[in-house]
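The whole structure should be built from the sequences, with the hints applied where relevant.
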Amino acid sequence: MKRGKKVDYLGTSLRLMRYVASTYKLQFFFVVIAIIISSVGGMAGPLFLLFLIDDFITPLIGSANPDFTALFHAVLLFGGIYVIAVIATYVYNRLMVNIGQGVLKRIRDEMFTHMQSLPISYFDTHSHGEVMSLYTNDTDTLRQMINQSIPMTFSALISVIVTFTVMVFLSPHLTVLTLIMIAIMLAVTKFIASKSGKYFIAQQSDIGKVNGYIEEMMSGEKVIKVFTHEKKVIEEFDALNGKLGKSAYKANKYANILMPIMGNIGNLHYVLTVFVGTILTLTGLAPTLTLGALATFLQMTRSFNQPFSQIAQQSNAIIMALAGAERIFRLIEEKSEMDEGYVTLVNVKDDGRGNISECNERTDRWAWKNPHHIGEADAYRPLEGDVRFVNMSFAYDGLHTVLSDISLYAKPGQKIAFVGSTGAGKTTITNLLTRFYDVQDGKIRYDGININKIKKDDLRRSLGMVLQDTHLFSGSIMENIRYGRLDASDEDVIKASKLAYAHDFIMNLPNGYDTVISADGSELSQGQCQLISIARAAVADPPVLILDEATSSIDTRTEQIVQKGMDALMKGRTTFVIAHRLSTIVNSDAIMVLEKGRIIERGTHDELLKRKGTYYQLYTGALELD
Amino acid sequence: MIKKLARSIREYKQSSIATPIVVACEVVMEVLIPYFMAQIIDIGLSQSDMSYTVRLSIILIIAAITSLIFGALSGKLAAQASAGFAKNLRGDIFHHIQTFSFSNIDKFKVSSLVTRMTTDVTNVQNAYQMIIRILVRGPLMLIAALVMASRINRRLSLIFLIAIPILGFALFFIALKAHPYFEKVFRTYDKLNNTVQENVRAIRVVKSFVRADYEEKKFMETSNEVYDRFKKAEKIVIFNSPVMQSVIYISILLISYNSGKMIVSGSMTTGELMSMIIYATQILSSLMMLSMVFVMIIMARSSAERIIEVLEKESDIQSPVDGRDYVEDGSIDFKNVTFSYVKDPEKAALKDINLHIESGETVGIIGATGSAKTTLVQLIARLYDATEGCVKVGGHDVKEYDLDALRRDVAMVLQKNVLFSGTIKENLKWGDEKASDAEIEYYSKLSQADSFISTFKDKYDSYIEQGGTNVSGGQKQRICIARALLRKPKILILDDSTSAVDTKTDALIRKAFKEEIPQTTKIIIAQRILSIEDADRIIVMDKGKVVAFDTPENLLTSCDIYRELYDTQKKGALA
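Top to bottom, those sequences are chains E and R.
My numbering puts the first residue of the first sequence at 1, with every later residue one more than the last.
My numbering puts the first residue of the second sequence at 627, with every later residue one more than the last.
Hint data in this document are derived by calculation from the structure and do not stem from the laboratory.
Keep in mind that the hints are not guaranteed to be accurate.
[To be verified] Straight-line distance between alpha carbons at most 30 Å, and here's what the computed BS3-like set of lysine-lysine pairs gives:
id, chain 1, residue 1, chain 2, residue 2
1, R, K817, R, K844
2, E, K243, R, K1055
3, R, K1042, R, K887
4, R, K969, E, K495
5, E, K349, E, K411
6, R, K733, E, K232
7, R, K1018, R, K961
8, R, K735, E, K222
9, E, K369, E, K443
10, E, K453, R, K843
11, R, K1130, R, K1114
12, R, K630, R, K733
13, R, K1060, R, K973
14, R, K1071, E, K596
15, E, K612, R, K1071
16, E, K243, R, K817
17, E, K453, E, K411
18, R, K961, E, K246
19, E, K231, R, K844
20, R, K861, E, K105
21, R, K1042, R, K861
22, E, K209, R, K843
23, R, K1137, R, K1071
What follows is the structure, encoded as structure tokens:
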């Protein structure tokens, strides 16, 4: 994440306020009302006193037998006002809990939903821990701000407005002075806030980095132990942590200084008002300003300055939250995966006369539906698994070509293998077929349709993938396999596991299919994880399979048995296989030997052996493969 | 609890102590300033005493400047103390985790450790800053206001003395009620973090199975849980302000009514009543401040407990004081070793193992998945301690060695190996920090990694992404082997480390081992019989037991399991 120089306070605050106000419109309205009642109730205190003294106490002075009932009633009346104020305080606090947590939840959910739509390249370029930090550290900064700072600032604003109005009535002249003071305060706040904001942004970015480092190191903690690399790791951590400590210190320092500055500008304002006021009164320049009025005005000046200090007190929370919010909004603004596809994948049934029609229930037949051709003969094109690459070229960065001029075809049900050293572009081909990245030159046709026209989700639904890096999720094994098809029954899952030869070892686990595993599958060996991911693809039952080093961690004995299952799985499906072990691809319909992004040889196993080229050398062991 | 945390203050002790002192000076100024202000109105203005007004105004300006200086200083000190404390605390947790054993590591989820070191530390940091600033300021303001109030009217100020304990009790009760909810909140936070972590790591799986909706549902469930629990906790906490306001408002009303009576009877002036009310509001605002701190402390308490849980977790594998710092040779002995992950011999993963491996021997280990091959070798590097019996390396119990020394000489390539983000060279230097380029290249050649590294544009300076996603499995394994070789160990353990390497390269690696590091004891766990065929001896394992330990030739005749493996694999082997 970039180290932003400046926080866009206004834009970010407005955007945040929109979240707050729009998530719970009605409740927010009541909050505003309740805050007004609560702060006006609070301000009623001094007013009440004047009224009490003038109307109820002074008249009684000197009377021999004072009757306090009227005074008692007045006190009761104000007691009533206070009760309302207290209730209002409770109400707005209570509503703010709903709103605050609601907004946080909405932001979290929006972030996550949006994150799901981001292209793979986003995840390839951001550390996992930094992304995690957005959901905790950055979202957390908003909590204090929404729950405390917003209501407090709001109530402070109300008292400022009320006192200001009174001040204008008392002495317009002196109010000008007040306005000047406000301008100074705002200027100072702006200056300090921008300093502080810069460091808060740095702090949030540093905490993201620390988060990333911790996440990576803790995930590899066992390697650290084995290499007794603890000291070095600690050193690196200390450097990052020290940087975070520094930015946190600076950010808080500026924010902390704001409160005393504001408070004392207020004090100076008071002294200035005394001077100017006295001169005005004595010289008679302002005839309405009596000494009594000046005294009241000075009281007002005090209550006028107080809320500013209160707001200043909240400044750390506010500035930090805005820094956090900005990072969050940056993720939300991150460009989603483009999808201009419109062809969808639907279930179809056959009426027995060769006509196919769409249906909602799951049938074993699928078709591509082109909404632009509804009513025409080719509105539904049966899904067969015919894949063609036509003069395809690709570069991740637009400069260094990874694939150049690849053309090949896979007829329905064929098994196509890719052989070549790493960097030859094997995985890139699968990245393009799944549209994790988009083809720049040339095209891929799937059952005759350019895959750019197919909706990404539907395209991917039709492809089953087994990757070398198996990623499982915390949960039971049953849940993990069912990930392939959420509506699969237990029987379907078990059937798929048997096919992938995972059933036996699963049954040997303490709780069978209900054994709970953690995300990295640390309870299982790597081979077992791969078997589960094969079962996961099997249960999905896709027409096209992509196996990217799917069996690399399975021992050859098991692989032979899995191979049978895999063969069964591949039967009738177009399959793309990437494998190191040539034994797994010998029976392919076509083998493509890739080198530096080009297909240098192609043919069946026997053809390639006869040619005595690279493949031959690989197979006979004369050439080494990376 | 506080003691344990306070240990992390260290060099920030001075600023931590100085902060409250400076805050106290600031408060003195803040109490004096309104007093001067009142004097200006009461004496200067109402008696039209200009020289008094000027004098007091100058004093006021000086007081304001002094207050500003103290205020700024305390702000700076507080920031320094709290940011520094948090830094130390985070560092201490991280340092402590580095002492953890494998079984300790197994207990904590990565995501949970991450939350503890970030969110939880931040909560403690905020609370700490509040404590040294506001927790001093609040009570001082309160006391000052009380003193001033009692100077005006001792009897009336008693009302405050009754009100404050009531309030204190109420706040305490609220805190007590809210605490368990906050505890739950943070536990759910771990879960949230975990969901995000899993999702980000497995994004390719999520996308290829088009499971965004499913993942969103899963995330939102946890997100909802956080929402619910936080709401429950906050619902209790928000009683703070209304309770406080009620108490203070009742006090104000009581004071007003009683002083009304007193004024009428002549024992009090209206001005005094005015001041009493001002002090009452001052007490209210200082209590407000305190209640804010209070909420933070309630939350920080749950966080602090989670931090301490990590800090107090003593590693169950300790390096002995003055342990042996040198491993004599690469011989290994297992004497009646039984091992259980849950420390229960009934549920032993390894049962009654007796082995002797000569220094310099190459030993293969083979057996079905789940036969405890990995568990066996992990005991050699003392990654876990044997539950019963003893494991010896170089003729001495592994427990006698200094841990670093033992692991320096027993290098392991883990099955689930990890490369870290950084260049290839940086990753290789994990094996030996001082390794020269020539050494790095030499050992990379042995592990057959040099051949592909040298084809990379940046050679050894090529960047590896987190988790090594930009190299193939086989390449990753070869880099990991080179990394272990660079340790120049007496014992080298490869736990299924060539599974993704093609057979020919695998053979080359073994050949290099034999020719270049003959004195090193090599233990090779493999799935492929080919990988261990030329070992001196082979251990055949089954269900936590050593079934056979003999030369490959002998095993063919004496061990059924081995022969069966041999037959199936040889038949299938093509290359």
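Hint-by-hint comparison with the structure:
The suggested pairing of K817 of chain R with K844 of chain R holds, with an alpha-carbon distance near 11 Å, which does not exceed 30 Å. At most 30 Å may separate the alpha-carbon atoms for a hinted pair to count; K243 of chain E and K1055 of chain R meet this at roughly 25 Å. With a C-alpha separation of about 83 Å, the suggested pairing of K1042 of chain R with K887 of chain R is violated against the 30 Å cut-off. Between K969 of chain R and K495 of chain E, the direct Cα distance comes to roughly 36 Å. Violation of the 30 Å bound is thereby established for this hinted pair.
About 23 Å separates the Cα atoms of K349 of chain E and K411 of chain E, which keeps this hinted pair within 30 Å; it holds. Annotation: proposed proximity of K733 of chain R to K232 of chain E holds, straight-line Cα distance about 24 Å (limit 30 Å). Only pairs whose Cα atoms come within 30 Å are accepted, and K1018 of chain R paired with K961 of chain R is accepted, the gap being roughly 8 Å. At most 30 Å may separate the alpha-carbon atoms for a hinted pair to count; K735 of chain R and K222 of chain E meet this at roughly 13 Å.
Straight-line distance between C-alpha atoms of K369 of chain E and K443 of chain E comes to about 20 Å, which keeps the hinted pair within the 30 Å bound. Proximity of K453 of chain E to K843 of chain R is assessed by CA-CA distance (about 28 Å); at most 30 Å being required, the pair is judged to hold. Restraint check for K1130 of chain R and K1114 of chain R: the C-alpha separation of about 24 Å stays at or below 30 Å, so the hint holds. Simply put, K630 of chain R and K733 of chain R have alpha-carbon atoms about 22 Å apart, close enough for the 30 Å limit, and the pair holds.
Between K1060 of chain R and K973 of chain R the CA atoms are separated by roughly 44 Å; this puts the pair beyond 30 Å, and the hint is violated. A distance of roughly 23 Å separates the Cα atoms of K1071 of chain R and K596 of chain E; the hinted pair therefore holds under the 30 Å criterion. Between K612 of chain E and K1071 of chain R the alpha-carbon distance is near 28 Å, which keeps this suggested pair within the 30 Å criterion. For the given pair, K243 of chain E sits about 28 Å from K817 of chain R by alpha-carbon distance, which is consistent with the 30 Å threshold.
Restraint check: the Cα-Cα separation between K453 of chain E and K411 of chain E comes to about 20 Å, which is no more than 30 Å; the hinted pair holds. Among the hinted pairs, K961 of chain R with K246 of chain E is inconsistent with the structure: their alpha-carbon atoms are about 53 Å apart, more than 30 Å. Using a Cα cut-off of 30 Å, the hinted pair K231 of chain E and K844 of chain R is violated, with the two alpha carbons roughly 38 Å apart. In summary, the hint linking K861 of chain R to K105 of chain E is supported, as the alpha carbons are separated by about 16 Å, within the 30 Å threshold.
Pair hint K1042 of chain R plus K861 of chain R does not hold up; C-alpha atoms about 46 Å apart against a cutoff of 30 Å. Taken as a hint, the K209 of chain E and K843 of chain R pair is honoured in the structure, with Cα atoms around 28 Å apart against an allowance of 30 Å. With a C-alpha separation of about 12 Å, the suggested pairing of K1137 of chain R with K1071 of chain R holds against the 30 Å cut-off.
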